[in-house]
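Student: Spelled out from the first residue to the last, the chains are:
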Amino acid sequence: MNVRAQIATVFHLDKCLGCHTCSVACKNLWTDRKGAEYMWWNNVETKPGTGYPIAWEDQEKYKGGWEENGGELGLRSQTKTSSLLNIFHNPSLPALDDYYEPWTYDYQNLISAPKSDDQPTAKPLSMITGKYMEIKAGPNWDDDLAGSPIYAANDPNLTPEQREQLFTTERMIMFHLPRTCNHCVNPACVAACPSGALHKRGEDGIVLIDQEKCRGWRHCVAACPYKKAYYNWSTGKSEKCILCFPRLEAGEAPACYHSCPGRIRFLGVLLYDADRIHEIAAAEKPNLIAAYRSLLLDPNDPAVIAAARQNGISDGMLEAARHSPTYKFVVEWRLALPLHPEFRTIPMLFYVPPITPVVGTGNGSDEIFIDADQCRVPVQYLASLFAAGDEASVRYSLRKQQAVRRYRRAVTVGDVEAGEMLAAAGCTPEEAQAIYHLTALSAVEERFVIPPMNREATIEQAMATIEFKADSGFGVRHSPRRGA
Amino acid sequence: MKKHDALSWIKDESGAHLRGWEEFYRNRYQHDKVVRSTHGVNCTGSCSWNVFVKDGIVTWEMQALDYPRISPDLPPHEPRGCQRGISFSWYLYSPLRVKYPYVRGALLDLWKQARLRHSDPVDAWTSLVEDPVKRAEWQKARGKGDFRRVQWDDAVEMIAAANIYTIKKYGPDRIAGFSPIPAMSMISYAGGARMMQLMGGVSLSFYDWYCDLPNASPETWGEQTDVAEAADWFNAKMIAVVGSNLSMTRTPDCHFAVEARHNGSRMFVFSPDFAEVAKYADEWFPVRAGQDSAWWLAVNHVLLKEFHAEKQTPFFLDYTKRYTDSPYLVELMPHNGRWRAGQMLRASRLADYATAENGEWKFLVWDARSSRPKMPMGSVGHRWGTEKGKWNLIPKDAVDGSDIEPNLTFVEAHDEVVPLEIHDFDSTTGDLVRSVPAKRIRTADGSEVLVATVYDLLMAQYGVSRGLAGDYPAGYDDADQPYTPAWAEKMTGVERTKIIAFAREWAKTAEATRGKCMVIIGAGVNHWYHANLMYRAAIHALLFCGCVGTNGGGLAHYVGQEKLAPMESWSAIAFGRDWSPAPRLQNSPSWHYVHSNQWRYEREFTAYHTVPKPNGAASLASGHTMDMQVRAVRSGWLPFYPQFDRSSLELVEDAKRAGATDEPGIVQYVVEQLRQKKLRFAVEDPDAPQNWPRVWFIWRGNALMASAKGHEFFLKHYLGTHHNSIADEVAEGSVHEVEFRKQAAEGKFDLIVDLNFRMDTSALYSDVVLPAATWYEKADLNSTDMHTFIHPLAAAVPPAWESRSDWQIFKTVAEKISEMAAKHLPDPVADIVATPLAHDSAAEIAQPDLRDWTKGECEPIPGKTMPGLRVVQRDYKNLYKQFVALGPLVPKNGLGAHGTSYDVRDEYEHLLATAPTVEVDGKKCPAIGEEVDACNAILRLATVTNGELAYRSYQRMEEKTGVPLAHLAEKNRGTRVEFKDLQARPRRLLNSPMWSGLVEEGRPYAPFTYNLECNVPWRTLTGRQHLYLDHPLYIQFGENLPCYKPKPLDLEQSDVQASGGAKGSKLLNFMTAHGKWQIHSTYADNHRMTTLSRGVEPLWLNDAEAAEIGIEDNDWVEVHNDNGVVVTRAAVSARIPKGICIQYHSPERTISIPKSPLRNNNRAGGHNSLTRIRLKPTLMAGGYGQFTYHFNYWGPTGTNRDTHVLVRKLPKLIW
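Going line by line, the protein sequences match chains A and B. Going by my numbering, the residue at position 374 of the first sequence is 374; the numbering climbs one at a time, nothing skipped. Positions in the second sequence are counted from 1; adding 10000 to them yields my numbering.
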């Protein structure tokens, strides 16, 4: 057992407002600069929809992630020969048009316009060329089903039948999908980097692109099936979500987590057995969810604790793991599922699928907390997103969520009984209460259980921490040199 | 191919050579300072933010997380803040920032020339403004570029000169100020309002103008709006979300509703489109746009039939009896051999109560035990009588103190069953006749009157027969009779079975939880012409099931509402009440309807407003809205400024010349002048130059675009510049009370001054733009009704470039006016101020019937049958000193609001002893010239932040009501809150009798819990919640009982009479819902928000309808009607139903707006280019219980949702 600690997260989609506060929090902090304008390390998509970059889920087009072949894994983006051949040009790399051309406006014209016979206006200006432009795409172009006949209808997760129903009042539906880097356990981006610039931090599992080492090959961009590595055209380096490690090191949640007014985000430590990564990533498709869960270790298991200590994992980290909301959602309660596990990167960001309104046909049953199969979002669709087609896992999550609602109804109103539904959902009243508490009532300290990052010890490996303290801030603040 | 070796990718090393690069990101995150502030205008979110400063520059903001937790059983408030708030920091250093004062070239050149010729600035201004050619020159240049940077001194000098000129020439009430929603930055609002009121200028309202005032709230509760804080949504077990898009517009609050679901609550969403919030619903009901009243009327039909008439649910019946006007007696009036419901029977009509004080304003119920009418305590007559201690809800007779057990119904104990006429406004076949049980009552003069209970009238109106004869529906499936589920299915498009199931669940949940059903409602309903009827229908469903006045229940109206928590002390400062007792507060809907000449573009209101037919000659339910408006002003129902066709200063001089020596003499002179028509109300001739408003200050708002309903008429008649309206003026011949001048005035305003931090449409069209500090650059206060905390704004950095805070800017202008006044207005002058009859004053019992003094039907009596008249002193030379000093009327008169009052002499002394002071006329006053001092004065003198004052205010209320109340403040008597406390951490507000909800530890605010739990009456006629509205106007309009009135859809009257020609256009109902990427127009031009949306505010269209007219997603479209034109891009979506289109409120016409081929290739406008207002006449009623004016509280609203437009593909893109 090779125990590793990972800061892992959960997005509760039933709670997501689709407000994009997370996106702006991140933009303000990290990507509000030249070359990074078009990057949204955190973005939010409307589902059904095609997202950002457009149709990113379509690996026929982008060739991201891993392919499993007879128990062996290979990057879709690289074959033995293509890696070398494509080093200067990769045909499956998203182009600027797949993202969007960032723009601003000629705002100044409103103040400086000369005398005229009509009102001045601020025309759109390209942030790339500086010239006037037509706006044809944006990072959130199909927000709330905008352009649904073009975008929502082309969501690759939809069956032809669902595509038809999308436009009827009875089945009309949308929900939101916030996305960041998944800080995968089996990251394709890291595997693809020819420079060795990408790595997974040992202490917390954060996947980073070393801004000194990066040579801008962009193989990470191509290999990431979630398209969460981006090329900075100004610095010539690639960049991606850093899980706000400077904030985590200060004991604060990442900006997008902190800022979420829907309170949908949870963050905590997971322990996993690194020796089993390959085996799990190559697991057979129907069992992917179960296999992924089996990778995760019980933080209360004395054997796990002992092995973790042997691997140098701190007591603070282990303590955090025992209080991890992520562990509860993913392993204990089995409510949260990974996004497109079939990409086989073993993402460490999990989603609780949303309960949606009852379909508009018929008068339904007398049951006030409807079954998963009466919801407007087809279970099959959710399973395509979150379970590699494994509908049972999705149904389990939705039924348990509804059973918790029924349990709380029984407690607060008393006009229903919850026992039968709880039992059917494999849930005890105690567990229902715990799920309710964490989902609805939890305060910031419960949502984000941030382990102590032991910066003093990390620094000490290079220099005396007291010297670092004295020197801190006197260093030369500089951007990495342009790469490639 | 690279070998799969996951282990090799994990890097444990952390040596400097390996990890040094990480400093790149750490450096970015390092910051120097964190300051708590918030966002200061027009968003009721009121979120506490940390503003990060690095190297002296604001770099970003993040939400504060340190709200005190109300209860461990409620979700916490963190983090509050949304995508808009978190993008605010972009504005500070953006190219849109107004950094310096600007004046448009055309005016500046003329001004410079004039100043060369005239050493006195007022003379210079006179020379310009009285030269029609020059005046037109700068008016026509408005909005067309050529801004020139000027020095602060020069800009302020011109502004001051224009003010002095206007005061001297026309009187101060030709100067107006507009700024919305003060609660969000109270001091900034107060700056301009204070200057305005100390000058004698006019403050324009906003809540009614925005059409956010839900008139059904004052109609039912005598309360502007009082709603649950969002945390209380969590307590609701059934939530109906109606026309309110929580995820879009209540972003920081939405989680409470979402999390309530996880606590077993059920949520239903009503919206014609699949609105964002619908995804949270247990069930979504796509009710047709504007047909919500039909749904709720049918729900009420089911509730009354099954849970009142059949089941007689004890909880519902007890509640209805005790807390609503249901048992009150209404006089039935004979009409063509049948009967109509009239006014409530007055106690004074009965021998037993003939001598009761204010007996005309006390009402009767039938006591079941003694079988006679009794007069309960708590009515408006008790409130304003001399006898104390009887204004309460205790069910006892006010005269003999005997217990009252009121009869809700006479169905089993009647003297007669009579045929009652019921208006069916949707029917083409005429009215219905339904039997009601009635009693005969002998009056003091020996005659008999026939009465029914409100409850029985409601049963008849809702069509619940209880075995009575007449045109009652046969059953739920009877689609021909209002208000059955089948009838509602026809109107709403939703199956009747769903309505019935909903109503049953509603009643069962309410019974099981004792009232925890909640309606969250907003602009989707409130912006229609008949919104008050729609709201009333929903309110009735709450009242029939005991859901108001309890945590987790009630009507939660959220649009444009605010809660300026420390109202008492703030309003004294904001409206200059510390120096002068009579501010000029104008309801904007009337003001704009009249002054921007929108009244000229319509005929009689009966063309679109369905009224009872036939209505008698005496009925006011016919004619032109403008005539009703004039009537409302003359009768003192509504304010109107300018008041008269003569200067209000000159008028006093005239009175003195005619021999008047004191205030009564002056008032008498003015009354006589009016009676003899030698003096006219300005509203009677709004196009006469002496009646125009002349100077307009706009700050914290977008008065010329986002809130300018009828924007193009503003451009034409106010600004005198280019416009895109092609509407015809048609009022001639339809109006009788107003002078219709052949030529409407164009360009009424001499000067428009805008204070702004961004170059928005209002700034672009103003003459002078002054650079305002942003919300991260000044100190201020912020409160809301969405939660019970109070927040500071604070300067993270000083005001950037040459900007100044609004408070400081108005202080500067006041100083310059004072300086010029030394020459031009050296001595104090007397000003006569006309004010409307005021809610929460004895004027609530002024007009029991509709008598018009101008027709000789009664005497003109100021404050009774006509506006009140006060003479006040203006001291222009001391304007500045008064501005910066908290004046002597505060300790003299005490403070109060909503009818409360308390003494503050000791606290005023405390301020004098501990805070900076300033001397005015030899008297020391607390200084409030600096924002923080003003904040501290407000906090010290308000009940919500000073526990002792809350205690005192309750004590005073105990005297009035005779019920114990002071205990509500006992626990917090020692609490005082200072500005610095707020900077440290959000503080929760204290209980105060000014507000109707109770807050304690563990308990969120829910409205009217104070009334229910403490027996304090509502501020209505009976003191109870009103289901029946017996104002004579309501009776004439057929709205005394709840009803359905058709939408004003008639194409003849809609907005496209002159616009029909354009080929390929489709007619759609134009919706301007609140959107995702803006708070009104703010943030809509912000780089973050434009990037995350579509770079423009698109027009959302149904996919099939777009295809019909050849429009594809992102095509440019031209949206037009007679009022104006919009050019934008299409967002084509199946989410939008057929028949409507949405352009989210509110785009600027400055950002990426092409020209319009249909309007001579002129620059197209914004959403309000397509609107024109229509005022609802009933909402003008005054001097009658809860139908009495108060600023932003009562009056007609600026409805806009009935607008229709033609949409076509833009044939050619021209920039």
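Just so you know, not all the hints are guaranteed correct.
[As the list claims (entries may be wrong)] Derived DSBU-like pairs: lysine-lysine, alpha-carbon spacing no greater than 30 Å straight-line: (1) B:10134 / B:11209; (2) B:10054 / A:34; (3) A:469 / B:10168; (4) A:123 / B:10011; (5) B:10033 / A:115; (6) B:11212 / A:115; (7) B:10140 / A:469; (8) B:10823 / A:123; (9) B:11209 / A:131; (10) A:469 / B:10054; (11) A:213 / B:10011; (12) B:10134 / A:115; (13) B:10099 / A:115.
[To be verified] Covered stretches of chain B, going by a simulated chain A footprint (3 or more residues, C-beta under 8 Å): (14) 10052 to 10063; (15) 10266 to 10278; (16) 10504 to 10516.
Simulated from the structure, these hints should not be mistaken for lab results. Each residue gets a CB set at the ideal place from its N, CA and C atoms; glycine is no exception.
Student: Could you run down the list of hints and mark each one as holding or not?
Tutor: Hint check:
1. This hinted pair does not check out: residue 10134 of chain B and residue 11209 of chain B have alpha carbons roughly 41 Å apart, beyond 30 Å.
2. For a cut-off of 30 Å, the pair hint linking residue 10054 of chain B to residue 34 of chain A stands: about 19 Å separates their Cα positions.
3. For the proposed pair residue 469 of chain A and residue 10168 of chain B, the alpha carbon gap of about 69 Å is over 30 Å, so the pair is violated.
4. Taking the CA atoms of residue 123 of chain A and residue 10011 of chain B, the gap is near 48 Å; set against the 30 Å cutoff, the hint is violated.
5. Our distance criterion of 30 Å between C-alpha atoms is broken by residue 10033 of chain B and residue 115 of chain A, whose separation comes to about 43 Å.
6. Under the criterion of a C-alpha separation no larger than 30 Å, the hint pairing residue 11212 of chain B with residue 115 of chain A is consistent with the structure, at around 25 Å.
7. With a C-alpha separation of about 65 Å, the suggested pair residue 10140 of chain B and residue 469 of chain A falls outside the 30 Å cut-off, and the hint is violated.
8. Restraint check for residue 10823 of chain B and residue 123 of chain A: not satisfied, since their Cα atoms lie roughly 48 Å apart, outside the 30 Å limit.
9. In summary, the hint linking residue 11209 of chain B to residue 131 of chain A is supported, as the alpha carbons are separated by about 26 Å, within the 30 Å threshold.
10. A threshold of 30 Å between alpha carbons decides the hint, and for residue 469 of chain A with residue 10054 of chain B the separation of about 20 Å falls inside it, so the pair holds.
11. With a C-alpha separation of about 14 Å, the suggested pair residue 213 of chain A and residue 10011 of chain B falls inside the 30 Å cut-off, and the hint holds.
12. Restraint check for residue 10134 of chain B and residue 115 of chain A: satisfied, since their Cα atoms lie roughly 16 Å apart, inside the 30 Å limit.
13. Distance hint between residue 10099 of chain B and residue 115 of chain A is fulfilled; the C-alpha atoms sit about 20 Å from each other, no more than 30 Å.
14. For a cut-off of 8 Å, the count of residues in the region 10052 to 10063 of chain B with a CB near a CB of chain A stands at 5, and the three-residue condition holds.
15. Counting residues of the region 10266 to 10278 of chain B whose beta carbon lies closer than 8 Å to any beta carbon of chain A gives 5, which reaches the threshold of three, so the coverage claim holds.
16. Chain A is given as covering the region 10504 to 10516 of chain B, and this holds because 5 residues of the stretch bring a CB closer than 8 Å to a CB of that chain, at least three being needed.
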